[in-house]
Amino acid sequence: MDSEPQFFDQPGGYVGQPLVRVDGREKVTGKAKYSAEFPLPGLTYGVLATSPIAKGKIQRIDTSAAAREPGVIAVLTHQNLPKLAKTPNDPQGKKDIGAPMGFLPLTSDEIFYAAQPVAIVVADTLDHALHAATLVKVTYQAAQPIASFLDPKAELFDPQKVQDGKQDGHTRRGDAKGALASSAIQLTATYNHPVYNHNPMEPGSTTAHWEAPDRLTVYESTQGVTRTQSALTAMLGIPREQIRVVTKYLGGGFGCKGSCWPHTILTIQAAKAVNRPVQLMLTRKQQFTSMGHREDQTQTVQLGATADGKITSIVHTKTSTTSPWDNYAESNSKILDMLYATPNFEATYQLARANVMTSTFMRAPGEAPGSFAIECSMDDLAYRIGVDPIEIRLRNHADHDYSTNKPWSSKSLKQCYARGAELFGWSKRNPRPGVTRDGRYLVGMGMASASYPVHNSQGTARARLYADGHAVVQSGATDLGTGTYTVITQVAADALGLPPEKIRFELGDTNLPTAPNSGGSVAAGTVSSSVYMAAQDVWQKLIKVAVVDKKSPLFKAKPEDVTVEKGRLQLKKDPSKGERFADLMKRAEMTDVEGMGQGKYGSGYETGRSGSPAGPNNNTDTAGEHSMHSFGAHFCEVRVDMDLGTIRVSKWVSVMGAGRILNAQTARSQIIGGAIFGIGSALMEETIRDPHFSRYTNADLANYHVPVNADIPDMTVEFVEENDPFINAMGVKGIGEISMVGVAAAVANAVYHATGKRLRDLPLTPDKVMMAGLAS
Amino acid sequence: MLLAMNNFAYTQAASTKEATAAKQADKQAAFIGGGTTLLDIMKANIEQHTLLIDINRLSLLGIENGASGLRIGALERMSDVGEHPQVVQNYPVISQSLLASASPQLRNMASMGGNLLQKTRCGYYRDVAFPCNKRVPGSGCPAQTGDNRNLAIFGTSPSCIATHASDLAVALVALEAKLTLENPKGATRTVPLADFYKLPGSTPHIETHLQPGELITAITVPAAAHARKSHYLKVRDRASYAYALVSAAVGLDVQGGTIRSARVALGGVGTVPWRVPAVEKALVGKAPTEDNFRAAAALAVRDASPREHNKFKVELAQRTLVRALLEVVA
Numbered sequence: 001m002d003s004e005p006q007f008f009d010q011p012g013g014y015v016g017q018p019l020v021r022v023d024g025r026e027k028v029t030g031k032a033k034y035s036a037e038f039p040l041p042g043l044t045y046g047v048l049a050t051s052p053i054a055k056g057k058i059q060r061i062d063t064s065a066a067a068r069e070p071g072v073i074a075v076l077t078h079q080n081l082p083k084l085a086k087t088p089n090d091p092q093g094k095k096d097i098g099a100p101m102g103f104l105p106l107t108s109d110e111i112f113y114a115a116q117p118v119a120i121v122v123a124d125t126l127d128h129a130l131h132a133a134t135l136v137k138v139t140y141q142a143a144q145p146i147a148s149f150l151d152p153k154a155e156l157f158d159p160q161k162v163q164d165g166k167q168d169g170h171t172r173r174g175d176a177k178g179a180l181a182s183s184a185i186q187l188t189a190t191y192n193h194p195v196y197n198h199n200p201m202e203p204g205s206t207t208a209h210w211e212a213p214d215r216l217t218v219y220e221s222t223q224g225v226t227r228t229q230s231a232l233t234a235m236l237g238i239p240r241e242q243i244r245v246v247t248k249y250l251g252g253g254f255g256c257k258g259s260c261w262p263h264t265i266l267t268i269q270a271a272k273a274v275n276r277p278v279q280l281m282l283t284r285k286q287q288f289t290s291m292g293h294r295e296d297q298t299q300t301v302q303l304g305a306t307a308d309g310k311i312t313s314i315v316h317t318k319t320s321t322t323s324p325w326d327n328y329a330e331s332n333s334k335i336l337d338m339l340y341a342t343p344n345f346e347a348t349y350q351l352a353r354a355n356v357m358t359s360t361f362m363r364a365p366g367e368a369p370g371s372f373a374i375e376c377s378m379d380d381l382a383y384r385i386g387v388d389p390i391e392i393r394l395r396n397h398a399d400h401d402y403s404t405n406k407p408w409s410s411k412s413l414k415q416c417y418a419r420g421a422e423l424f425g426w427s428k429r430n431p432r433p434g435v436t437r438d439g440r441y442l443v444g445m446g447m448a449s450a451s452y453p454v455h456n457s458q459g460t461a462r463a464r465l466y467a468d469g470h471a472v473v474q475s476g477a478t479d480l481g482t483g484t485y486t487v488i489t490q491v492a493a494d495a496l497g498l499p500p501e502k503i504r505f506e507l508g509d510t511n512l513p514t515a516p517n518s519g520g521s522v523a524a525g526t527v528s529s530s531v532y533m534a535a536q537d538v539w540q541k542l543i544k545v546a547v548v549d550k551k552s553p554l555f556k557a558k559p560e561d562v563t564v565e566k567g568r569l570q571l572k573k574d575p576s577k578g579e580r581f582a583d584l585m586k587r588a589e590m591t592d593v594e595g596m597g598q599g600k601y602g603s604g605y606e607t608g609r610s611g612s613p614a615g616p617n618n619n620t621d622t623a624g625e626h627s628m629h630s631f632g633a634h635f636c637e638v639r640v641d642m643d644l645g646t647i648r649v650s651k652w653v654s655v656m657g658a659g660r661i662l663n664a665q666t667a668r669s670q671i672i673g674g675a676i677f678g679i680g681s682a683l684m685e686e687t688i689r690d691p692h693f694s695r696y697t698n699a700d701l702a703n704y705h706v707p708v709n710a711d712i713p714d715m716t717v718e719f720v721e722e723n724d725p726f727i728n729a730m731g732v733k734g735i736g737e738i739s740m741v742g743v744a745a746a747v748a749n750a751v752y753h754a755t756g757k758r759l760r761d762l763p764l765t766p767d768k769v770m771m772a773g774l775a776s
Numbered sequence: 001m002l003l004a005m006n007n008f009a010y011t012q013a014a015s016t017k018e019a020t021a022a023k024q025a026d027k028q029a030a031f032i033g034g035g036t037t038l039l040d041i042m043k044a045n046i047e048q049h050t051l052l053i054d055i056n057r058l059s060l061l062g063i064e065n066g067a068s069g070l071r072i073g074a075l076e077r078m079s080d081v082g083e084h085p086q087v088v089q090n091y092p093v094i095s096q097s098l099l100a101s102a103s104p105q106l107r108n109m110a111s112m113g114g115n116l117l118q119k120t121r122c123g124y125y126r127d128v129a130f131p132c133n134k135r136v137p138g139s140g141c142p143a144q145t146g147d148n149r150n151l152a153i154f155g156t157s158p159s160c161i162a163t164h165a166s167d168l169a170v171a172l173v174a175l176e177a178k179l180t181l182e183n184p185k186g187a188t189r190t191v192p193l194a195d196f197y198k199l200p201g202s203t204p205h206i207e208t209h210l211q212p213g214e215l216i217t218a219i220t221v222p223a224a225a226h227a228r229k230s231h232y233l234k235v236r237d238r239a240s241y242a243y244a245l246v247s248a249a250v251g252l253d254v255q256g257g258t259i260r261s262a263r264v265a266l267g268g269v270g271t272v273p274w275r276v277p278a279v280e281k282a283l284v285g286k287a288p289t290e291d292n293f294r295a296a297a298a299l300a301v302r303d304a305s306p307r308e309h310n311k312f313k314v315e316l317a318q319r320t321l322v323r324a325l326l327e328v329v330a
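In the order they appear, the protein sequences are chains A and B.
FYI, the UniProt record's numbering numbers position 9 of the first sequence as 9, with every residue one higher than the one before it.
FYI, the UniProt record's numbering numbers position 14 of the second sequence as 14, with every residue one higher than the one before it.
Looking at chain A on its own, in the form it has when it is part of the complex (with noise of 0.2 Å):
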């Protein structure tokens, strides 16, 4: 085959095609099966009754009136829960498991956090189990918890790694304090952030079904169903082929979705007790509490220059709150050493331990916040010197990675400006904040940078090509909500040369050939990668058909000879010499083929870790040559009312290089999608602790804000045309995380413009602008 997938840049290709959703006739009738959707026989309803207190003992369990209660089978707590092969209590455990925090619910009597669960109601109506839950009487023995890393409690500590072992607690490049000293200017400032929880539409939920004592099918929602299969392995200690999820749609993740969180092996646990299918959807109140958050978390950029804006030196500190057991705090320094030409750099992790659940990767972890902190002292720099801000950035644009030192694969962040600015009208921004006006509001422009790795992933995908000219096309990845199943239907009608509806693209099942779990922006390169691949493993076997076959004009062509153009086996340097697929198949009496393809994908941070980019002569990156990440920009108008503090986005633009795009109408909603979700981190959204209780007092979506339409204007999108040789075989990078990162800078840029305020504490409510004019 060639070398790059260029039939899909062909005239009458569907890739990059604003084709509408395939599965949208299915969401808006109600056809779409999600993962409490299955009615099996015999299903059960689970229930989780979680404890009022945040730190403590369980003295006494009284079941006897929940289980009373008609309908109820069983009242399950840590006193007759079916006991588990492994749990993730102790750190072996925990990464046998792969959990996402070292601590079980219903094993112990201990409580460590608010709304833990301390039982399992299950009945035979979702309301009876709802009502027998809550006369589930427990007695504690409280103790005064810890609320956060801000609690004058709280001790802090520097941990070796965070991030689950994925980020050392200190790191270190060049002379970064000793830079910072000498530099010219020297800009402190320091960032915070509130708690924020992922609350995906669809709340979790587990449906889990033990067809025999040792095989079990759990209809999950989840971004993953391997590592789901993976961690109930390991829990359940049943071999792998014994264990079958399903997740066929997802109604939002945004990371909570990532990992194998307690209530699945709970309600799994209970099916196991009752003996018949149980179903469990998470309350909105408890999603607040089962998932986990972004953590709450403070963080200081010291940033050295020279006098006219080269960066020499970043000093970054995080101090944040984790649970009792594990060590996580989400990364935000990558993103300020590599996102520009800094020559020194050096990050600090602080921790402190609270009674909260862990936290965990929220839509892009780390690059989020760390994009606000550098953004907004890239933006102080620029006025510091009386330069653009877009020109501050030009001025330190790392021409290569600078964390690395490794070349990138590729990188379109200056288009990225250029055609922002000219889309937003950013040449009529009055460089002096403060000061322009329209009535009453004060208006400003703010713009940033934004950046995503593309991380190391890889994953398989099966093709199947009937003669009669359809195919079934299969991958066992999920499918967010974000348009996974469109795409790659796309993906494979150019690959194998047919129309979208003779596809039926499969995903979302473990029966499936694996995926990665759909996060950290890999689902959409590395399955249609996958899928690309197997479809070159169909055209391969025919060709092979095709030339022993004395009735093709193919017949003693030389294999590496044929192609395929669009359904056609033909030779390459005379297309007229060939035939069509379903006539070799017929010929040959096969009903269909199959093929097999395996996508590799990125090297994003894991450079040094094998980044193999797959396709047959593809440009390879084995040994992790290039830095891989997407690039992008925001610029946002606000309209500011200082007397009342209220902050209004009226304007917005994102322009994203993102390698190839794979439906453009999916793509635009994805990055728009992203970009309010940005927003609404940066205007609302907070979810407030109790610093006495450590429990959540705003936890539904009445008090827990995010953007209505009223706050968002018309947004537009583009994206830089870009070629990548080096990702995968479709060069692809994902536009999940990068949609959002930069964008709460965007806004508080815009909000510096317009007042002359800097605002670093999120989010920026009209309290807090009020009171910063006020502070005037």
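Calculated from the structure, these hints are not laboratory results.
Just so you know, not all the hints are guaranteed correct.
[What the hints assert, rightly or not] Sample of chain A residues facing chain B (criterion: CB under 7 Å; computed from the structure): (1) PRO52; (2) HIS131; (3) THR687; (4) ILE688; (5) ASP711; (6) ASP714; (7) MET715; (8) PRO766; (9) MET770; (10) MET771.
[As the list claims (entries may be wrong)] Here's a subset of chain B near chain A, in silico, CB distances under 10 Å, partners left out: (11) ALA9; (12) TYR10; (13) ALA44; (14) ARG57; (15) ALA129; (16) PHE130; (17) ASP147; (18) HIS205; (19) LYS229; (20) LEU233; (21) VAL235; (22) ARG236; (23) LYS281; (24) PHE312; (25) LEU316.
Beta carbons: idealized from backbone N, C-alpha and C, even for Gly.
Starting from the structure of chain A, add chain B where the hints point.
Same frame as chain A, now just chain B:
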């Protein structure tokens, strides 16, 4: 904290008398209109009602505007009142307060009477795992030293600082609206809305002067020049579907460059809708200028008793008030 679904009985009342009698007979009974507050409260296990008396078949409807004022049946839906041309024209503050409330879906369901009885959004009240004097008398008030950013600065007590959540009530209190209440004997009485609500004091669980079995049947609002020239301004954390950080309901009668009468109430800041007569008095006889508004607004917050996280409301309340007054004379 659980989502509870406790068993309850349900009955549809055919007459007001039947409804009020059923309520009086069962202390655990509740009227249900739109149900937009009640069902939330029941699911969160904050209230456990054994009987729901559906009042939606009662003929408590009608939006009538006459020379003496406006009469609104208690079962009218928020959206219907908010968009009613007579209300929009003659009582803009009422229309605006309604349309700034909740979401369109909720406004289509929620009744006017129910709106006035909606429960506070205080996070401690809404989660049965916390102590709360309003929910469990005598259990304590963690809000005093906890998350009190959204809570009240007026009318508070050591027992409770929960904010009254209704926007409508703020507008109605400003315009001196009255409620018609009917008791199980069929007798009706009329109560000024401002007197209907009780300050929390040491009994925050008793929120109104409703007698056992009494039902709100109608709301009346006197016609006035300051009602026609009125405005509702709500400051909140997002553009829609959020409770007020601070709101202001104002009405002015300005003649010949002088304010003849003024009506001012604040929302999001009081344990009850917070009318500020001192501001009204200060405005009367003055010219409608920003300076005068500012001076008057300062009087609104003399009695404020903010906690750690809601100090900003003292300033924001004045600014919101000034802006609302400016809007009404604009």
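Are there hints from earlier that the structure breaks, and if so, what are their numbers?
-> 3, 6, 7, 11, 12, 14, 18, 19, 23
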